[in-house]
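So you can see what is in the structure, the chains are spelled out below.
2 protein chains.
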Amino acid sequence: MAKTPMTYAASGVDLDAADRAVELMERHIRRTFGPRVLGAFGGFAGCFRLDFNEKLFKRNYRDPVLVACTDGVGTKVKLAAQMKVYDTVGIDLVAMSVNDMIVQGAEPLFFLDYIAVNKKIPELAADMVRGVADGCVLAGCALLGGETAEMPDVYTPGEFDMAGFAVGVVELNKIIDGKRAQVGDVMIGLASSGIHSNGYSLVRAIVREAELDLNKVYPDLDPTQTLGRVLLTPTRIYAKSIISILHHYKVKQVVNAMANITGSGIPGNVPRTLNPGVNAKIDKKAWEVPPVFRFLQEHGNVEEREMYDVFNMGVGYVS
Amino acid sequence: MAKTPMTYAASGVDLDAADRAVELMERHIRRTFGPRVLGAFGGFAGCFRLDFNEKLFKRNYRDPVLVACTDGVGTKVKLAAQMKVYDTVGIDLVAMSVNDMIVQGAEPLFFLDYIAVNKKIPELAADMVRGVADGCVLAGCALLGGETAEMPDVYTPGEFDMAGFAVGVVELNKIIDGKRAQVGDVMIGLASSGIHSNGYSLVRAIVREAELDLNKVYPDLDPTQTLGRVLLTPTRIYAKSIISILHHYKVKQVVNAMANITGSGIPGNVPRTLNPGVNAKIDKKAWEVPPVFRFLQEHGNVEEREMYDVFNMGVGYVS
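Protein sequences, first through last, are from chains A and B.
Each position in the first sequence, counted from 1, maps to that position plus 6 in our numbering.
Each position in the second sequence, counted from 1, maps to that position plus 6 in our numbering.
Derived by calculation from the structure, the hints in this document are not laboratory data.
Treat the hints with care, as some may be off.
Since the list gives no way to pick out one identical chain from another, each pair is judged satisfied if it fits inside one copy or across any two copies.
For lysine-lysine, the following DSSO-like pairs were computed, each having C-alpha atoms within a straight-line distance of at most 30 angstroms [what the hints assert, rightly or not]: (1) Lys291 - Lys9; (2) Lys125 - Lys90; (3) Lys9 - Lys222; (4) Lys290 - Lys9.
Here chain A stands alone, though its shape is the one from the complex (with noise of 0.2 angstroms):
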């Protein structure tokens, strides 16, 4: 039998700081919240109405099918751990999962995420609820519910991870599979932000032989921001874009096929949503690579056609 009296908080957890962690993070997810969020913020559960028939805001579904994503940022929220930089990572997470889902031609509805530390420090855990919030934000849907988990010895002091995941819907005759793209459609490549969310153990592993320094500035990487920041640079989402062209034309599809450029790049991702007998041919001299793909292949020494395998090299999305 154990000596003292054992009890819940001496065993690690802070139920305390925990609820100063839920003060926080309100103020940054009521931002996300439209009116077909329902119910009082704190529930066992988030609800969102998805048929709405008030006025100024009507939306209705003849035939809704939901599209549904889950991710997580990969090993950035390593290097985010290592620059002590806590609200730029939940865009990426948020990015993660609703340019998958946009590929489907969704619009996202919903976001919950899942966050969890070694220890929790409120101030800590709002900034990275920030980050998810103002993904939420750019992407136009709500951040419906999520949880934080301190786990103090899954997690080493400093590390933590997230997974998200979100909800959207689109009509059963709107899906978007692939199916129609034809030989002879054009393809176009959305930019991307920078390496978004994949490669980053890849990354990691280059500034660590190359013995880079995360906090110098390198001219001719960007004259403006460290090393750091420019590899946190939060994954570009492309929900409102890709959705505005969707609802633009009522009728028409334009849209016969997109992909998401996420692990194994271009060469992975773009066939992956084509018809078998239609091929993708994609001329690499159509856009310029920019800088932060060279100066990790050059201080990396990686070989060019690897580089295409694991990074977006410029190009975050295909439609």
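Let chain A serve as the given structure and place chain B on it in line with the hints.
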């Protein structure tokens, strides 16, 4: 510059193992699919038809509200890693989110999982997903998507974490929010299957401090199983029981409020489901506290009040 050309694989990420894990998982995931799941396995996003007009399985909603929850299983993952039992915590993962969702009267539709590991060992990853799929079958929902992230230096070897996301639906006029609970209403406690997934930091601290052996059978606890196995008993999923009660009464609403007994126990969870002005009166002698709680209380020298504040004490759900 790095001396030898750097590659993604050399930075610690094994894409072949990832492919093999997906292969092993597919069988388990497909078990959970109903006719409302659309599209091929392995797309960018999971698609689920909300309304369903086809014969044999008609489902239509007048004013659907989507209800979403996210949760992890806390440090029960740590115990599972210690015991090298990977196929049960997935059930806990589904239970944690789904039991929260049914509190609002919602019926679970689909679930997504995020699993993060140090190294993706295909068989272990598939075991974890098998547990999640088992949970989904018990909850009556589809495992619509998931992500297994390999994060070599966020998690130490052998460690992992899991997050789950559940989405359900309820008609707007059937949402249960506790506002209807009245003085004189009767509460019914549903038995838990054990500790469920809360308070494991305390459980593990007791095991450590009292020098208990996870691989030993303690006859006063359970003569048929080791302590470790008893502590890993999956959380009971109340979805089917609760939904069948709610569906049984088409017009009359017999359930005015419900509570999922998670962290902070009965005293923390029952009051938050009730209106101010309504008090819950609970007779602790109305049920027998299962042996596992008495065993931990005794070995940890935990005060009675603390036990009820942390654990469900045998009652996992109250309606």
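Each hint, compared with the structure:
no. : hint           : result
1   : Lys291 - Lys9  : between (72 angstroms within a copy, 28 angstroms between copies)
2   : Lys125 - Lys90 : both (14 angstroms within a copy, 25 angstroms between copies)
3   : Lys9 - Lys222  : between (52 angstroms within a copy, 22 angstroms between copies)
4   : Lys290 - Lys9  : between (69 angstroms within a copy, 27 angstroms between copies)
In the structure shown, no violation is registered for any of the earlier numbered hints.
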